[in-house]
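Number of protein chains: 2
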Amino acid sequence: MRRSKAFIPTLKEVPADAQVASHQLLLRAGFVRQLGAGIYSYLPLTLRALRKVEQVIREEMAAIGAQEFYFPALHPAEPWQESGRWEVMGPNMFRLKDRKGGDYCLGMTHEEIFTTIARAELRSYRNLPQVWYQIQTKFRDEARPKSGLLRVRQFTMKDAYSFDIDAAGLDRSFDDQRRAYHRIFSRCGLSFVAVEAHSGSMGGSASTEFMVRTNAGEDNIASCAACGYAANTEKATSRIASADDGPGLAAPEKFPTPGVRTIEDLGKPPYGVTADRQLKTLVYIADGKPVIAVVRGDQQLNEAKLQSATAADDLRPAHPEEIRTLLGALPGSLGGVGTAGRAPLFLDPSLVGRRDMVTGANQDDHHLRGVDVARDLAHAQPIDLRTVNDGEGCPRCDGVLSVYKGLEVGHIFKLGTRYAVAMKATVLNAAGEVVPVVMGSYGIGVERVMAAAIELHHDADGICWPMSIAPFHVALLSLQTTDAAVVKAADDLYAALESAGIEVLYDDREERPGVKFKDADLIGLPIRLAIGTKGLANQQVEVKLRTSKEVQLVPLAEAVQYVKDLIRDLTPKAIEPAS
Amino acid sequence: MRRSKAFIPTLKEVPADAQVASHQLLLRAGFVRQLGAGIYSYLPLTLRALRKVEQVIREEMAAIGAQEFYFPALHPAEPWQESGRWEVMGPNMFRLKDRKGGDYCLGMTHEEIFTTIARAELRSYRNLPQVWYQIQTKFRDEARPKSGLLRVRQFTMKDAYSFDIDAAGLDRSFDDQRRAYHRIFSRCGLSFVAVEAHSGSMGGSASTEFMVRTNAGEDNIASCAACGYAANTEKATSRIASADDGPGLAAPEKFPTPGVRTIEDLGKPPYGVTADRQLKTLVYIADGKPVIAVVRGDQQLNEAKLQSATAADDLRPAHPEEIRTLLGALPGSLGGVGTAGRAPLFLDPSLVGRRDMVTGANQDDHHLRGVDVARDLAHAQPIDLRTVNDGEGCPRCDGVLSVYKGLEVGHIFKLGTRYAVAMKATVLNAAGEVVPVVMGSYGIGVERVMAAAIELHHDADGICWPMSIAPFHVALLSLQTTDAAVVKAADDLYAALESAGIEVLYDDREERPGVKFKDADLIGLPIRLAIGTKGLANQQVEVKLRTSKEVQLVPLAEAVQYVKDLIRDLTPKAIEPAS
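Residue numbers (full-length UniProt numbering), protein chains in the order written: chain E, 1 to 579; chain L, 1 to 579.
Quick caveat, the hints were computed from the structure, so don't treat them as lab data.
Given the structure is predicted, the values throughout are model-derived calculations rather than measurements.
Check each hint, because a few of them may be wrong.
In this list, chains with the same sequence are indistinguishable; a pair is considered to hold if it fits within one copy or across any two.
[Unchecked claim] Simulated pairs of lysine-lysine, DSBU-like, Cα-Cα distance not exceeding 30 Å:
#, residue 1, residue 2
1, Lys549, Lys424
2, Lys12, Lys424
3, Lys405, Lys424
4, Lys564, Lys518
5, Lys254, Lys549
6, Lys573, Lys5
7, Lys5, Lys138
8, Lys254, Lys518
9, Lys97, Lys518
10, Lys138, Lys97
11, Lys405, Lys138
12, Lys100, Lys289
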């Protein structure tokens, strides 16, 4: 494409409201414009990059026998009501009414809709397995859209769904997708880690997230370099250090703590109770019913873990009045002692067996000391609740966990029979019995892959596209548009490259070389070719990779083959997972 | 693709609620399933066909220098409010609120949204012309979704927009698109006619529709075989036959017509006034204000023409009480005589100069006779209002018009400066003046192209796909799956065809040949290859075209080349317009 005809509105200034690199660069390099909060218009360069990501996805989906569908974005409420998610999705789901007053929503995901086809058309184990996917537009009414294309309200997703006769089949389908995801992300130039994850509103028994390590991400990953353990901190746990508590008291003893409201308050004189000897007690409302959660004073409760523990669709912190009704005190003086029968109590396993601990007395401005967890919280259910911190021990080996920010680019779920049972998607098994189909669900955020590639591959001057998803392979610059020989040589090379199937953005504008070099760096195509008066005297073209400072002089006659070889060599290869 | 792995749920019965051929066949051949009224899930075969239509569109858009964008489907209300179409679109637009209560809609079309980019980024005539397009999902809350994919509430559209500095530029951009449309539709195997059309809510000065002649269509086309004149009846006119009226009366004369309500009533004894001597008077409300329309008793008023005449965004028949307030009588006794100053009166030109006519007296149960249009309706504005009928004279030549049903597959508009002025999209012209950009808008219904191809190309057994948009080129049937030699030969041919880049649906199922032949006819791929014990004895494969009864026996060794040649020969060629 000739740059003089191309619509690429580059900006000199960094837009004020753009924080992360991909957001800044997508705006500056003329890839996107914002239409509304979390709603972006994709200009031609973005479309070219997205199309390449999609092509990689299609190839890898075809390789595992997945068939491409295309389902509507506008959904009648009924399938969502059948699965129960019409309620669960809450304000994240865009809802609307049609002219007759019927209830509709915009699809956030398509488990329900794919299941409507599966239940109508699949009859027998002979029809299984089926692996279906689409690359399609999703809508989510994010509370806080931000970071350019990283957190938006409309985006493109590859979502796949597998239908198997049993759990063993699901394991195979899940593993096919997992391996395909490794190939897809590596081919798109992403370095990433596959981590154990929380399944959230999706439900199901297990899920794996694919995370790119970048501070632009909003998730936290705990991983162990020694054994390869990696998990989202919503799911990650750590080795529990043994504690050497004293014998404590024969029974908990109440003491007055006027004005004490926080763990920190109780650590100060005259009390001096270190955070690791305190029990932190929190009350949540899980699907309308109160639950009590207890972690150590120096730990943070992880809400995702509490949600898993309660199996609740909806979980929120209790309001003060709800807490007082339940425990008779306000936050700051809460404790689990004596609460048996009032609400389920979940306790982090790091507290099992601890003695001589301090907690609130469920009386404002009073605490208890000498608490023995086994004796005084015998009704507690130990379940992992705490958020793992950097430097804690790996739960699988002697290593140490490091915690870092990650950006989710894919998430795969073993759904099991949750949707099939709710929506009556059954088939006959080999024994002639009616059984629910066993499902999996597998998502990739297409724009996120593109934006993650920019987060990983950029420098102060602009984007450095991986070859596989670059909008064009080559930036061809003609440096002197007033020199007819230069123009002719550049025109000829442009034609020769295009005939060879190489995608070229040809900067034929009447601009100074400096402007063209700057623009080329900003847009970030992997290979830059420059034809100028000087090189042309020797029938040479300057070749420079975006990621290198080095300039090669290549004979014009050899340029096409030279570029072809570079494209081949620079295209990221598919990497299979180790296991 | 192996049929045994493919999800193609064919049906034996014709679905009861499907009327038109494309709807029946898309359901029966396993292409689509309905999710809700006017909302369809596309199964894999549909996706393959749609992708091919899109590819033809992309190639022809690229050939005229159009750049591909991708804009959101979810739109903030503001741009629509700026253009005034937030109101105009009425109940056809899906509207919703986000979690903060902000107003949004689902895009029915994208003039406003493309204009937001144009006004922000285009500064000067030097940036023009620009031709931008997308292939994207549109939403329209149709009052009566029907006919499968022909009238739906969610669909895919190629919409292009041109931005020029002046009307001459728009003429060129419009002509580029018009020619591209001829190539696109002909390449997709459609026979069609380009007709003059009404611009409707799009506004602008001129528009051309691309119509496929089929009874499944909902438009009416009037065309002249002699001179090539063709227009939607919303726009078409006809030659006016001269009338030889008598001198009439010196003034209109009132006479009682008790119980007469219709043109037909007045034609009966004792009145005996033939319909072609009556003036039919109708009252409409145009943007809130009444207008009177008068056509001949035997003519039908065309509302689209009246809307153009009034330049109203919203037009509806007046209610009886509104009519009585305006004219003092109820429908059945209305007339234009003596209405000057009460409301604009539009009169079909076929009535100009007529004398001795009969019309309502604006007094219930009374009419006037002896009406002289020039004398008694001097305040009328003559403007084309009538619907053209089959057999009327061509307005351009001595020929005769035929009127037939048409299905709109594309529509191109000269918008002019309507949106640019409303939304302040201005640029500097060569003289340094600030001028609004001059726009055009160009749409193709992608699913409609596919469904129109089925309407044109099918028989009693199923679809007969044009090669260019067929989901696969070839149906390969192995006739005896218990004969190892047949299976091997079919497997080998399948592999050889695929290696040659030929798209094959390989029916490897354990089914009787009759089932496979029936399914192949239903799905309708252009070339059928069948390998069976008999042919294999001579190392031959049966080749049959879907549109022919003839079977060729081709040596297996030559089959790939034979099929390649067939594909080339059967692919519809691009046809340029005559002018």
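Verification of the hints:
1. With identical chains, the CA atoms of Lys549 and Lys424 are never at most 30 Å apart, being 61 Å at best within one copy and 45 Å at best between copies.
2. Within a single copy, Lys12 and Lys424 get their C-alpha atoms only as close as 57 Å, which misses the 30 Å cut-off; across copies the closest is 24 Å, which meets it.
3. In this assembly of identical chains, Lys405 and Lys424 lie within 30 Å of each other by CA distance neither inside one copy nor across copies; the values are 40 Å within and 44 Å between.
4. Proximity of Lys564 and Lys518 under a CA criterion of 30 Å is satisfied intra-copy only: 24 Å inside one chain copy versus 48 Å between copies.
5. Proximity of Lys254 and Lys549 under a CA criterion of 30 Å is satisfied in neither setting, with 71 Å inside one chain copy and 97 Å between copies.
6. For the homomeric pair Lys573 and Lys5, the shortest alpha-carbon distance between copies (28 Å) is at most 30 Å, but the shortest distance inside one copy (33 Å) is not.
7. In the homo-oligomer, the alpha carbons of Lys5 and Lys138 lie at most 30 Å apart only across protomers (28 Å), although the nearest pairing inside one protomer, at 32 Å, exceeds that limit.
8. In the homo-oligomer, the alpha carbons of Lys254 and Lys518 never lie at most 30 Å apart, since the shortest distance is 71 Å inside one protomer and 85 Å across protomers.
9. Proximity of Lys97 and Lys518 under a CA criterion of 30 Å is satisfied in neither setting, with 49 Å inside one chain copy and 42 Å between copies.
10. Taking identical chains as interchangeable, the C-alpha atoms of Lys138 and Lys97 lie at most 30 Å apart whether they share a chain (18 Å) or sit on different chains (17 Å).
11. Proximity of Lys405 and Lys138 under a CA criterion of 30 Å is satisfied intra-copy only: 25 Å inside one chain copy versus 37 Å between copies.
12. Taking the closest pair of Cα atoms, Lys100 and Lys289 come within 30 Å of each other only across two copies (27 Å); inside a single copy the shortest separation is 37 Å, beyond that limit.
Checked against the numbered hints above, the structure violates hints 1, 3, 5, 8, 9; every other hint is satisfied.
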